[in-house]
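A.B. asks: These protein sequence lines map, in sequence, to chains G and Y. For what it's worth, our numbering labels the leading residue of the first sequence as 242, then goes sequentially. For what it's worth, our numbering labels the leading residue of the second sequence as 242, then goes sequentially.
It is possible that part of the hints are untrue.
In silico contact screen, one side only, chain Y against chain G (beta carbon under 10 Å); selected entries [stated by the list, open to error]:
no. : residue
1   : A334
2   : Q351
3   : A354
4   : E361
5   : F362
6   : A392
7   : T488
8   : L506
9   : P509
10  : R520
Coverage of chain G stretches by chain Y, computed from C-beta distances (three or more under 8 Å per stretch; other residues unrestricted) [claimed, not checked]:
no. : stretch
11  : 334 to 344
12  : 348 to 354
Hint data in this document are derived by calculation from the structure and do not stem from the laboratory. For each residue, glycine too, the CB sits at the ideal point set by N, CA and C.
There are 2 protein chains.
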Amino acid sequence: MPTRPAPRIHLGPEGDPFLAEGIRRGGGVLVPLDEAEAVVWAQGPDTFPGALPDTVRWVQLPFAGIEPWLAAGVVDSARSWTSAAGAYSGNVAEHTMMTLLAGVRSLREQLSATSWRKDEFDPRVGTVQGTTVAIVGCGGIGRALIPYLAASRCRILAVTRSGVPVPGADETLPADRVGEVWSRADHFVIAAPATAATRHLVGRSELAQMSPSSWIVNVARGTLIDTDALVDALRAGTIGGAALDVTDPEPLPDGHPLWTLPNALITPHVANPATGLPRALADHVAGNVARFAAGEPLAGVIDPVAGY
Amino acid sequence: MPTRPAPRIHLGPEGDPFLAEGIRRGGGVLVPLDEAEAVVWAQGPDTFPGALPDTVRWVQLPFAGIEPWLAAGVVDSARSWTSAAGAYSGNVAEHTMMTLLAGVRSLREQLSATSWRKDEFDPRVGTVQGTTVAIVGCGGIGRALIPYLAASRCRILAVTRSGVPVPGADETLPADRVGEVWSRADHFVIAAPATAATRHLVGRSELAQMSPSSWIVNVARGTLIDTDALVDALRAGTIGGAALDVTDPEPLPDGHPLWTLPNALITPHVANPATGLPRALADHVAGNVARFAAGEPLAGVIDPVAGY
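In isolation and in its complexed conformation, chain G is listed as follows (with noise of 0.2 Å):
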C-alpha cells in the first residue's frame, strides 16, 4: 500500500495546543498558511484571513452554529467547509441523562440534606429502567443520548423532521406526528432546533397530557417550552419535573418561580461548557485530519446555500 503524505494543515488565527494535539493525532503536520492544503481555524470570523491560497482545499471552523461564518460571507464554494457540528454533541448527552436521573431520583433534596435522612428520601427516589423516553428532536445529541438510555433498557422514541428510523431508537416519528409522543413516553428530551415552527412545542395541552411522574429535559433552546404553562404544571404536581439547561426568558432572572420549585432544576447552560470546547473540537479536528487525508468524507459539511 502506498503510503499518502501527510496532509499540510494550517491551525490560525494561533497554535492551540489542544487543536495542534488534533491535528496531529490525525496524521497531520502543522504548516504556515501560504503551504496549507488545510485550514484549521480556532475563533470567529473576524480575524479570518481576506483570501485564502488556492492550494488550501479545506477549512474546519471552531463551531457547530455557523450563522456568524455565513453572515461575513467568508464561506465560499472554492472548497469544502466544515463546522463543529456533532463535536459537542457527546457532552450534551451526558448533562441530559444526569440531569434526567437527578430528577427521577430526587438527587437535589439528598445532596442538600445534613442528616442521613433515609426513611424519607427512599419513597421519593425512582429509576428511568423500563422506561419510555422521548427524544424530540433526535439529531446528533439525540443519537449520543440513545447509548445511555439503552443501558438504562429504555423504551426509545424519535422524533426527527424526515422520520427515517434513527438507529438504536425503538420507534421514530416524523414531526408531523410530534402530538403522538405526549401521552405515550413517560419523560422527554428537548432537542429540537428553535424555530418559528417548535416555538412553545410544549404548551399547556402537551403538558396535560403527560403523567404526574413526567420529567422533561430541555437541552435545545428556551422557547421550545411554554414557560408559565411548565410553571403551572410544576406548581400543580400534574408532571413530575423539568430539568432546563436553557429557559425563557435566559438568563432566567432572579426571583423566578422556576428557581424556587423543588420539581424544577436550573442549570445555567452548561451542558456544553466552554471547558470542554478545546478537547471536544480536538477529537472532532483529529477524526476531520484522518478522513482528510485518506480522502473519506468529511464530518460536518457545510452546505452554504442550505445555511446549515
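Given the coordinates of chain G, assemble chain Y onto it according to the supplied hints.
C.D. replies: For chain Y alone, coordinates are given in the frame of chain G:
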C-alpha cells in the same frame, strides 16, 4: 415443537401483585403450595414453610444477600435455590453513573443556586467523556455500569477476583493487582464485597496516587474506604471528590465533616431504593420462570456450601 406445560408456581407468603405479574409474564401459573413445582418467596425467612413438598424443584428468594436464609437453615440440597443477585444491579449502576457525573460536572452547586451564575459555574463543569474509569469489584453492578461508561467513551479498567476478562472492559486485572489502578485511572467506582481483605481498600496511600480531578464513587460498603484519610484528601483537594451512597460509620452522624465538604456528595444508601425492589424483583422472577419453563440454567443459583 411440543408445547411445554406452564410451570406451576406458588407465590408466598402473600400474593404480591408485582411478583404475580412477573410470574405470569415468565409464562407461569399461580398455584397453592401443595400443587407447586416452584416457590417464589416475597419476604424474609421467618415465615418460610418448615417443610416443602417434594414436588418443589426450585425456590426463588427475594434478596441478593442470602446470609439470613443460610443462618435459618432453610436452604437445602433437595432442590435449586436462587437469590435476587443481579436483580438490583441496574438500579445501582444508574445511581453510580448519576453521582459520578454530578461530581465531575459540579451539579450540586448549580442545583442550589437561585440566580444565573453561568460565568462562575461554566469553568467548573467537567466531563467523563474519554476518561479512564476503574471499576474495583466488577460484578453485577460493575457490569451494568459498563454500558453507561461506554456511552461516554470511557476507557474501563475492571478489577475482579479472578481477573478473567470482563466483557466490555478494556482491561481486567485480578484483585491482587488492584494496586495498579490508583495511578492509572481518572475515576474510581468501588463495588467490591466487604470482607476482611477489602477493609480500607482505599486508604491514604491509594488516595495519594489519585489526581486532583479524580472522583471516587462508593456503592459497596463504607468500610472499603478509610473515612479519615478520605476527609483529609477532600479537604486538601488532592482528589476531586467522593460520591458516597454508603459510609463508615453508617448512618453518617450529624455534624460529620462529610456532610459539609463541598466535594463530598452523600446519598443515604438509596442506590437500590425500596421503591424499586418490587419491579426489579418482578423482572428477575419473570426471567427465571421463563428459564425454568424452558429447562435452562437459572440466574442467581445459590451454592449452599460456598455461602453465596
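A.B. asks: Each hint: holds or not?
C.D. replies: These are the hints, each one checked on the structure:
At a threshold of 10 Å, the smallest CB-CB gap from A334 of chain Y to chain G is about 7 Å, leaving the interface hint in force. The beta carbon of Q351 of chain Y comes within 5 Å of a beta carbon in chain G, closer than 10 Å, and the hint placing it at the interface holds. A distance limit of 10 Å between C-beta atoms decides the matter here; for A354 of chain Y the minimum to chain G is near 7 Å, and the interface restraint holds. At its closest, the beta carbon of E361 of chain Y sits 9 Å from a beta carbon of chain G; the interface hint therefore holds under the 10 Å criterion.
Given hint, F362 of chain Y at the interface with chain G, holds; its Cβ is 6 Å from that chain's nearest Cβ, closer than 10 Å. With 10 Å as the threshold, the beta carbon of A392 of chain Y comes within range of chain G, its nearest partner Cβ sitting at about 4 Å, so the hint holds. The beta carbon of T488 of chain Y is positioned within 10 Å of a beta carbon in chain G (closest approach about 8 Å), and the interface hint is therefore held. Hint status for L506 of chain Y: holds, given a least beta-carbon distance of 6 Å to chain G, under 10 Å.
Checking P509 of chain Y against chain G: minimum C-beta separation of about 4 Å stays under 10 Å; hint holds. Annotation: R520 of chain Y was flagged as interfacial toward chain G, and the flag holds, the nearest CB pair being 8 Å apart, inside 10 Å. Restraint check on the stretch 334 to 344 of chain G versus chain Y: 8 residues with Cβ-Cβ distances below 8 Å, three needed, restraint holds. Only when three residues or more bring their CB closer than 8 Å to a CB of chain Y does the claim for the stretch 348 to 354 of chain G stand; here the count is 6, and the claim holds.
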